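Position chains H, P and C against the provided structure of chain F, taking the given hints into account.
Protein chains in written order, with numbering that gives the first Met the number 0: chain F, 0 to 469; chain H, 0 to 469; chain P, 0 to 469; chain C, 0 to 469.
Read the hints as simulated data drawn from the structure, not as lab findings.
A portion of the hints provided could be inaccurate.
Note that the list lumps identical chains together, so a pair holds whenever it fits in one copy or between two copies.
Claimed, not checked - Using 25 Å as the maximum straight-line C-alpha spacing, the simulated DSS-like pairs for lysine-lysine come out as follows: (1) K151 x K380; (2) K67 x K422; (3) K168 x K132; (4) K188 x K380; (5) K276 x K188; (6) K168 x K123; (7) K250 x K168; (8) K216 x K276; (9) K188 x K123.
Predicted model only: the values in this text are computed from it and were never measured.
Number of protein chains: 4
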Amino acid sequence: MDSENRVILNVGGIRHETYKATLKKIPATRLSRLTEALANYDPVLNEYFFDRHPGVFAQVLNYYRTGKLHYPTDVCGPLFEEELEFWGLDSNQVEPCCWMTYTQHRDTQETLTVLDRLDLDTEKPSDEEVARKFGFEDAYINGELTPWQTIKPRIWSLFDEPYSSSAAKLIAIISVFFNCVSILSFCLKTHPDMRVPVLHNVTVVTGRNRSSWSMIKTHTDPHVYFFFVECACNAWFTFEIIVRFLVAPNKRLFSKDMINIIDLVATLSFYMDLILKEGTKLISDSDLLEFFSIIRIFRLFKLTRHSPGLRILMQTFVASASELVLLVFFMILGVVMFATLVYYGERMFRNPFNEFTSIPDGLWWAVVTMTTIGYGDMTPKTYIGMCIGALCALAGSLALAIPVPIMVNNFTRFYSHADARAKLPKKRRRVHPVEAPRPKGGALKPGAGQPANSDNFSLQGSLKGPRNNA
Amino acid sequence: MDSENRVILNVGGIRHETYKATLKKIPATRLSRLTEALANYDPVLNEYFFDRHPGVFAQVLNYYRTGKLHYPTDVCGPLFEEELEFWGLDSNQVEPCCWMTYTQHRDTQETLTVLDRLDLDTEKPSDEEVARKFGFEDAYINGELTPWQTIKPRIWSLFDEPYSSSAAKLIAIISVFFNCVSILSFCLKTHPDMRVPVLHNVTVVTGRNRSSWSMIKTHTDPHVYFFFVECACNAWFTFEIIVRFLVAPNKRLFSKDMINIIDLVATLSFYMDLILKEGTKLISDSDLLEFFSIIRIFRLFKLTRHSPGLRILMQTFVASASELVLLVFFMILGVVMFATLVYYGERMFRNPFNEFTSIPDGLWWAVVTMTTIGYGDMTPKTYIGMCIGALCALAGSLALAIPVPIMVNNFTRFYSHADARAKLPKKRRRVHPVEAPRPKGGALKPGAGQPANSDNFSLQGSLKGPRNNA
Amino acid sequence: MDSENRVILNVGGIRHETYKATLKKIPATRLSRLTEALANYDPVLNEYFFDRHPGVFAQVLNYYRTGKLHYPTDVCGPLFEEELEFWGLDSNQVEPCCWMTYTQHRDTQETLTVLDRLDLDTEKPSDEEVARKFGFEDAYINGELTPWQTIKPRIWSLFDEPYSSSAAKLIAIISVFFNCVSILSFCLKTHPDMRVPVLHNVTVVTGRNRSSWSMIKTHTDPHVYFFFVECACNAWFTFEIIVRFLVAPNKRLFSKDMINIIDLVATLSFYMDLILKEGTKLISDSDLLEFFSIIRIFRLFKLTRHSPGLRILMQTFVASASELVLLVFFMILGVVMFATLVYYGERMFRNPFNEFTSIPDGLWWAVVTMTTIGYGDMTPKTYIGMCIGALCALAGSLALAIPVPIMVNNFTRFYSHADARAKLPKKRRRVHPVEAPRPKGGALKPGAGQPANSDNFSLQGSLKGPRNNA
Amino acid sequence: MDSENRVILNVGGIRHETYKATLKKIPATRLSRLTEALANYDPVLNEYFFDRHPGVFAQVLNYYRTGKLHYPTDVCGPLFEEELEFWGLDSNQVEPCCWMTYTQHRDTQETLTVLDRLDLDTEKPSDEEVARKFGFEDAYINGELTPWQTIKPRIWSLFDEPYSSSAAKLIAIISVFFNCVSILSFCLKTHPDMRVPVLHNVTVVTGRNRSSWSMIKTHTDPHVYFFFVECACNAWFTFEIIVRFLVAPNKRLFSKDMINIIDLVATLSFYMDLILKEGTKLISDSDLLEFFSIIRIFRLFKLTRHSPGLRILMQTFVASASELVLLVFFMILGVVMFATLVYYGERMFRNPFNEFTSIPDGLWWAVVTMTTIGYGDMTPKTYIGMCIGALCALAGSLALAIPVPIMVNNFTRFYSHADARAKLPKKRRRVHPVEAPRPKGGALKPGAGQPANSDNFSLQGSLKGPRNNA
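So here's chain F without its partners, still in its complex pose (with noise of 0.2 Å):
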């Protein structure tokens, strides 16, 4: 009889009844294993009992009855896959049609996951916090801590948490009016008016025997007040970056930060400009020089770490790595395909004008033209130079709309994860919760919800009873 091949489950409640081949289909599985011995089956009722969430037991049975494996959409991705891994399905075999909800989650772990190391919050960490960061754990705990160790997480606190308190932010104004001063007098002192002339006695020979002199500007020298300026600002860099390097929790991580290194270089490079402008009084050609302290103009980005959002900003751009090479290769080819393109076009037919003298002199004007900047220092002339540029301007706006989207999707992912984040109380934030310390629920066993690798997944233990049980 029909009903005598059935089996019945009650899930949580809900009675979800198949036949005893539909589960059989997906062998090694809970389900498949199923036997009258088990703790969990009443013989009064004929069925067999599992604590778990009924509605996903529904999208979980169809499995078995269509061999397809589908995501429902009205839970979770991690609350369908605990359940997954409960029954003893692999959601590897997810159906085409589900990758995007498969793999949606996974990108939000990961979005969370960049967002917990960039470190926005903007509150003070507690004392145990800030000793397990040192790695004085132990000994705060124990209440052992050296003076140095006492004093050392409070320096660092001083000049790298300056929300921690007004000491600190008092110190983060300074920095941040150090380095704009530092920036501005490294622009200003370019500028003509800034500049004073350095005249050289020079002798003239004017006639027989007889010899005059006379001044001449040779060459222009920034005023002598940018001097005093960048002195002092380098006293700031160099007292703040060494007693950063003594207190930070981690000397490796500090030595690897980028900020901590353009910080470093820009400082050396200060002294290094002092000491050799010394030695070399006479040489005028001090361009060379100024040329290699470009590298304290990247002091900008050390303004980056007081801003969360410009931090999210620099972080989608590491993240959209794969994106900026496909953009830029994208350019290159369309730009070399349109300056060549350009270059022939505009020597088809008689052009007294023409302004492409050559390919490399057409790539300019190609960029200028794909991006939409249009500086008209070289424009086509004839109509087919016309129409190859009006080309070239679809596809450079093209090649920019297109792969642009995906690097907007990453940052809008980041930057509305940090802004949901910012909404929830702070012991909620962070992403792997200590396992110790849990607010309600203790009784749950540690890890319960990590989905366990499939093939460490021990069935014939979880098959004697149903998990969860006493």
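Just chains H, P and C now, with coordinates in the frame of chain F:
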């Protein structure tokens, strides 16, 4: 026996089953304190009855089972949070994968509150609403309005609610007309064709004891008609602002409104102008005065009072302030960096046509390039400068393209909600409905749906019997 | 006892339970008036049976429980509204958080109605549909069509439905060809190379009693071949518009169609041109005439008749009129403000190369800068002007970027629905299916699904027994 | 009695109830033909059992109740369609509000098929897969491969699968190197600094019977080193294309591949060039020859073979062909219209500096303005021309902004699916899995999930008993 450890929860007719141990996992909640003494325990069926949403409860119970709180995506966020609140659970415990769902309806709520404040409705409010707005509520209900209290709202409607009557519409049209005329006059009077030269007699000593005089043009003045036009406009503006101030329902709010401040300052600037010009008839340097009159152009913003779309756009800029700052900061960072690079880049090789004489000049080029304007007044001439230019253009496109979507998103949210709001009947548009006159279902406890702060949530009281039980 | 206050509602086989008091909360609805006398009350099981969607009912019942109407997101909006209508509930009572869901399918409905009107189908309609279109329906069914009634739709198909036959396709190609030739001729005849100089004999008095004459070129005329080309084109256009008017199914709609009006005016302008030129052979100033002939360029829009994509694009502009107005208004606001600022900004400091001679000139600069065109014919020269320029460019980028997505959204909605529509079999494409010949399920009451206006909803009638009950 | 008209359907354990009349509404379906003689009818419980998804069935049954087919949004489209197919319903009958849901997974399916064809995998295929690709499958299984059959796939892997081995990677690097060198040489040889003047002896008759000769420069030739470089490159290209052709698994597909055709033509053009130059040593006009060599620049597209991102981008353009046509057509429409308007606009008033001498010249201006390039080589000079310019810029921004998102959407769909695909284990990536070796659940009937064409759907057969029943 297995089934003895189980508990049956009849939620809205659907029976959910779980282990008693499962319910104990999250202590101090409604389900962890179930006892058979409760009024909603049915000893015959051995089940607890709760008159709640059965589907959502599956998700709630799953929180007990797995220790992880996921939001369902088939019901509205607020609905789920109301259920959570009923079951005594904390919605903050949400898993990271559901953070976006968690914050989404909070954003919606914020958006709707802002829209409510923007007062976009174009329907005449009832007399009672007006009276409440003016604080005459009690007097209105008792019918004891003084004549001024009767006339004040009428004048207010005339000047501030253009849709309320034909007269109000006429006044709005007059106001817009004078505004446009004033701005037009402001712009046109600078045009050379609209200015008359001011001539001065100058005595010229032409020879010994002989002097002749001639007329010389020192500067130009706007045509005198502009003065009459401005007098007319300002007369209206003065009248309008005085009346509007007198009948304003809330004089403090009125004085704080940006548009009113602009209006006042602009009108005052006209009178100051008038006085100063009278007093300094002989002083011809009225350019400085004109410069201060620049505030009058901001009267343009008065026009936004008549366009809901523009008001939403303005609100978007206000709400996106942090993104705007981010964008501007990022642009500055890029501009300074590329200006420096191009300045040194163009000086690296011999370049007789170098236009980058200093970094501050380079800043303008960098701005023009990053925004892809490309006036062409400065262009790099060496290959290295061109490469920097190409990178600058690319960086500029990205700098603009990446943070803008966040702002766009803000605008779209405001705009589409305003749109959705406009499609609803007026009485349903308020986000926080006035509690008293609920059209249907008067038996509902007021505020039953407002998610109570979980600290205040009195569990003892609500455990006595199921809520909503007679 | 608790269970006596309860009521069981068997909705589609799923038993929902609630308190009787809960159902009374929203009066004058189907559930608030339940009595045991109803035909669908089962005294044995003590339950009321309703043959409705059980899942959606959970949401409906929750409205009674919480007094808040939330839309479920796992079913379609119209499906939920149909259920609401069955239960006698008002869908306007929706909570603010669900407003977007509430309006979404209304937007979809609007979109589909517009698409229906755009008539994008490229399949030959059946004879019956054609007859209905022409209003010959009765005659067609009775087989009593007059010869003109038989021939009219055929000619109409030839000229208006290019996909209906090869001849129709040929006529469409001819039409497009003449259109293109006409526009090409219109453009080319202004080119200097295509024009012939008009020479006049001028008698010059060279000396006493002696006069010579010479030829002088007063102006140029287009080559005479262009006249022949235009005659040919206009002959076709005249023929086409007359025939199309004669066979139009609805002459009033035909006369109102923008494209037909353009076509007519353009053709008339040619004839007027012809007459006037004949009459004024001697008057050489034909520029004015040519100016009026500008209407002919709008014949370009005739080409949109042959591209569904372009018609959707045009429709997008129509549907986005308010956003376009907003965009233009915002641009004007920005342009006027920045023109004023730059005018005064450039005059603040000594600036010998100032190009901003008046605010109206500044308007052009502001437009060119805000749209990021940057011709470079006017550029600020002082640092203050440059700062204003930078802000102007940024404001322009935002002004364009922020309202455009609303328009983009409109287009995407139209386009993707047109795409989805094209993938369905033709008979399923109509939004409002013709009621009579429903392919399956003829027993369904017509209009059962159309959400009746809740005012007309006759509750008494429908309470007699469950709808759809035999 | 009411309950006698009812029928109970036990679908997967959940009991659905409805009226018998409801089931008759859609004839010729599984549910309309229910009889008690069916094997799955249980006379005790008076119910029919179906081993299907119970949640989805609620939606299916609702179709019977309301006559309207809505898609549920909590399950995947294909899952719902499989259920519809089981119940004998036609998924085409979907309501307009669900059209987007209906087409969405069809689009996904298309996208995945395209991605499969793009062959983005970077993992070495197994020997069996390679043999199947080459059509040696039978020989491979029997181990009877000829030496050529053994060596051919190896060489093919070397040249066409860079990730398969280090040698293959080396060959790929060589290929890219020669490609880059060839393109670089092509560009650089046009630069004046890289060209040597060609001198000719010219005999000049300077006086009576006296002649002298001088060298004159007629034109320039690229430096001879470029010739050697090109020889080397083309030698490699010749070798590469011959080898790749010989070992191609499918010579017909190989010959049809655009990139191979470009490669071949470019290589041939070099040889033709060589021959012609030899033959026409004396003819100095080699510009024409150089022009034909323009095909060589398209070798750039060979580089796309090595970048999955670029291949997706190319595919996007192919898939967005209709949108591109729409964009180009709309741009042309706008360009022609604004060129005409500005031409007449600039001539309306006296304008001595008019740069718009004809409409064809205006076309270039309109292109430059609509794409917001703005070279500044032509600008309107009158106020009316400026207004047209402002409108043109706005129209251009919209013309580009509105259809591009459709293309962006196509790209994002391709890109994100490729991304999702890359995260899955390789054997799950194929969209149409090979039927034979299904890893788990071998008992499933092959193709059970493929939605059968409803015409072929044999209802009689499937009514005998529930599918999947033993």
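We went through each hint and held it up to the structure:
Proximity of K151 to K380 under the C-alpha cut-off of 25 Å is found in neither arrangement, the shortest distances being 69 Å within a copy and 53 Å between copies. When the C-alpha separation of K67 and K422 is checked against a cutoff of 25 Å, the pair qualifies only between copies, where the shortest distance is 19 Å, while the shortest distance within a copy is 39 Å. For a Cα distance limit of 25 Å, the shortest separation of K168 from K132 inside one copy, 21 Å, qualifies, whereas the shortest one across copies, 44 Å, does not. Taking the shortest alpha-carbon separations for K188 and K380, only the inter-copy value of 20 Å comes in at or below 25 Å, while the best intra-copy value is 42 Å.
Taking identical chains as interchangeable, the C-alpha atoms of K276 and K188 lie at most 25 Å apart only when both belong to the same chain, with a minimum of 17 Å there against 43 Å between chains. For the identical chains of this complex, K168 and K123 are intra-copy neighbours only, at 12 Å inside a copy versus 52 Å across copies, given an alpha-carbon limit of 25 Å. Taking the shortest alpha-carbon separations for K250 and K168, only the intra-copy value of 23 Å comes in at or below 25 Å, while the best inter-copy value is 39 Å. Proximity of K216 and K276 under a CA criterion of 25 Å is satisfied intra-copy only: 19 Å inside one chain copy versus 50 Å between copies.
Taking the shortest Cα distances, K188 and K123 never come within 25 Å of each other, neither inside one copy (40 Å) nor across copies (58 Å).
The structure shown violates the earlier hints numbered 1, 9.
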